[in-house]
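Peer 1: Each chain is listed here by its residues.
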Amino acid sequence: MSLNRIPLVSGLLLIAFIFQEAFVNRVHFFLGGFAFYLAFSIAWILREDRSTAVLVGFISGLIADLSPTLEAPFGLWMLVMTGFAFILTTYVRGSLDPNLSPLTLSVVTAAGSAVALILFVVIGAILGEDVASISALIREIIGNAIWSFVLSPLFIPLALKMHKLSLTARER
Amino acid sequence: MATRGTNRARLLLVSLLVTSLLLITLDLRGANVVTSIRSASQTILAPFQSAGSAILSPIGNFFSDLFNLGNTRERIEELEKANEELKSQVILNEKLSAELAQLKGVLDLAGKARFKTVSARVISKGGTSTFSETIVLDQGSRAGIRPDMTVISQAGLVGVVRSTSANTSVVLLMNDPSFRIGVRVAGSQDMGVLTGQGRNIYSLQMLSASADISVGDVLLSRGSSGDTPFVPGVPVGKIIFVDNAAGQLTKQARVEAFVDLNSLAVVSVVLDSKGSNPGDSLVPAAPRPAPTVTVYVTPSPTKNE
Chain A
290 MSLNRIPLVS
300 GLLLIAFIFQ
310 EAFVNRVHFF
320 LGGFAFYLAF
330 SIAWILREDR
340 STAVLVGFIS
350 GLIADLSPTL
360 EAPFGLWMLV
370 MTGFAFILTT
380 YVRGSLDPNL
390 SPLTLSVVTA
400 AGSAVALILF
410 VVIGAILGED
420 VASISALIRE
430 IIGNAIWSFV
440 LSPLFIPLAL
450 KMHKLSLTAR
460 ER
Chain B
5 MATRGTNRAR
15 LLLVSLLVTS
25 LLLITLDLRG
35 ANVVTSIRSA
45 SQTILAPFQS
55 AGSAILSPIG
65 NFFSDLFNLG
75 NTRERIEELE
85 KANEELKSQV
95 ILNEKLSAEL
105 AQLKGVLDLA
115 GKARFKTVSA
125 RVISKGGTST
135 FSETIVLDQG
145 SRAGIRPDMT
155 VISQAGLVGV
165 VRSTSANTSV
175 VLLMNDPSFR
185 IGVRVAGSQD
195 MGVLTGQGRN
205 IYSLQMLSAS
215 ADISVGDVLL
225 SRGSSGDTPF
235 VPGVPVGKII
245 FVDNAAGQLT
255 KQARVEAFVD
265 LNSLAVVSVV
275 LDSKGSNPGD
285 SLVPAAPRPA
295 PTVTVYVTPS
305 PTKNE
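Protein chains in written order, with this note's numbering: chain A, 290 to 461; chain B, 5 to 309.
Please keep in mind that the hints were generated in silico from the structure rather than gathered at the bench.
Each residue gets a CB set at the ideal place from its N, CA and C atoms; glycine is no exception.
Do not rely on the hints blindly, as some may be mistaken.
Claimed, not checked - Partial list, computed: chain B residues near chain A (C-beta under 7 Å):
| # | residue |
| --- | --- |
| 1 | L20 |
| 2 | L21 |
| 3 | R33 |
| 4 | L49 |
| 5 | Q53 |
| 6 | R125 |
| 7 | G131 |
| 8 | T134 |
| 9 | G202 |
Stated by the list, open to error - Beta-carbon label-pair distances, calculated as ranges:
| # | chain 1 | residue 1 | chain 2 | residue 2 | range |
| --- | --- | --- | --- | --- | --- |
| 10 | A | H317 | B | I244 | 53 to 63 Å |
| 11 | B | D112 | A | P296 | 46 to 56 Å |
| 12 | A | I295 | B | F245 | 51 to 61 Å |
| 13 | B | E88 | A | I304 | 45 to 55 Å |
With the sequences and hints as input, model every part of the structure.
Peer 2: If you want it as structure tokens, here you go:
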């Protein structure tokens with residue numbers, strides 16, 4: 290990734306984050322909730338090459354850590370998203386068709402956001418964070434995966450458009 | 005070439021993971037920089053959250069109402085349009101009435117306890133990815149709110165102020181897994197510790213093995229030293245299940261909170277309890293049973309008789 294892409298990528302991810310904090314968090318979902326920003330970031334990461342994905346994961350984690358309602362230590366989302374972006378691009382995307390179909394992208398995004406949340410909880414617990422009851426965690430994680438899948442036709446095209454917008458002429 | 009790319013990715017991965025771990029260590033060691041960053045981000049987010057709060061509440065209902073509109077004659081359309089405007093006005097009024105009722109309730113509670121409070125609107129809540137049960141209020145340090153102040157609603161305890169910016173505050177809700185509060189049973193004064201579970205049911209661990217608790221007992225906040233973070237006497241919840249399993253050192257129970265944390269619109273932050281301890285005076289009144297109506301039916305005589 291060329292260095293001059295970083296401010297644009299950060300800006301676009303920041304807009305997605307503000308949208309989540311200001312609007313999505315206000316919506317009362319029937320089951321669990323919807324981590325729009327997380328799903329948006331994963332859909333974005335899936336379109337990048339490995340090095341860029343790691344860097345985008347780091348930036349998206351850094352922005353997620355800015356959430357004032359977050360009780361976890363600053364840097365936890367950074368750690369999770371950086372590692373997860375590497376795993377996703379190395380082990381998951383490599384085994385998929387290079388031209389990801391919309392359905393595959395939706396499934397991988399929904400499953401990926403669930404795995405990222407599980408990693409966040411597990412690493413948080415290792416670092417000494419208090420963890421909610423298992424039933425509450427399962428409800429949140431499954432609810433989020435379902436909403437990520439159901440709403441994917443809305444946010445994945447947006448993520449792909451924004452990703453395309455952030456590419457330099459040569460990268461396009 | 006591919007190996008070079010892989011090595012580059014791994015090197016980047018390791019350096020970024022080390023950076024993350026360094027930041028986590030700094031935060032866990034209580035570096036002020038991290039707190040300041042989150043406080044600054046809250047200040048930046050506050051106007052967006054207020055806008056989101058203002059936009060989302062009436063529009064959700066407005067669109068669902070519009071969905072049922074028919075496209076017939078022009079006159080009907082005009083009337084329906086006017087009707088929809090009136091409907092959305094009514095919905096807005098209902099929303100304001102509900103907020104007013106909550107505000108009245110919480111002021112009544114605070115007044116009864118003689119707490120000095122400041123009321124605030126809920127403008128946002130913590131997202132799924134944070135895994136923390138929090139809300140954001142539209143009042144902050146300018147209104148006198150400081151971290152570790154008790155937050156109440158009309159029905160009782162809501163949580164505790166976690167952090168503040170000039171115009172907003174983040175409140176840790178009582179159902180967060182990291183939330184713990186010392187409580188006492190109204191009447192018997194037995195003490196225990198209530199813990200959030202991430203849902204509407206709470207876990208209660210009594211301090212004394214001889215504590216006598218039963219289903220329906222009301223729990224009140226015990227109060228903290230200097231009244232921070234908790235002022236005494238605030239209704240917390242009622243016991244719905246007592247675990248009488250043998251082999252436990254102290255009694256455990258499950259508790260249902262008085263406050264529905266999903267429908268909070270207006271809350272109050274206790275600025276000063278003025279040293280008053282309301283004792284058991286804030287225990288919510290038990291619902292009065294409806295009077296039984298007995299209807300006597302006398303058969304009317306038939307013509308044959």
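Peer 1: Each hint should be assessed against the structure and marked as holding or not.
Peer 2: For each hint, the structure was consulted:
no., hint, result
1, L20, "holds, 5 Å"
2, L21, "holds, 6 Å"
3, R33, "violated, 10 Å"
4, L49, "holds, 5 Å"
5, Q53, "holds, 5 Å"
6, R125, "violated, 12 Å"
7, G131, "holds, 5 Å"
8, T134, "holds, 4 Å"
9, G202, "holds, 3 Å"
10, A:H317 - B:I244: 53 to 63 Å, "violated, 24 Å"
11, B:D112 - A:P296: 46 to 56 Å, "holds, 52 Å"
12, A:I295 - B:F245: 51 to 61 Å, "holds, 54 Å"
13, B:E88 - A:I304: 45 to 55 Å, "violated, 32 Å"
Consistency with the previously given hints fails for numbers 3, 6, 10, 13, ordered from lowest to highest.
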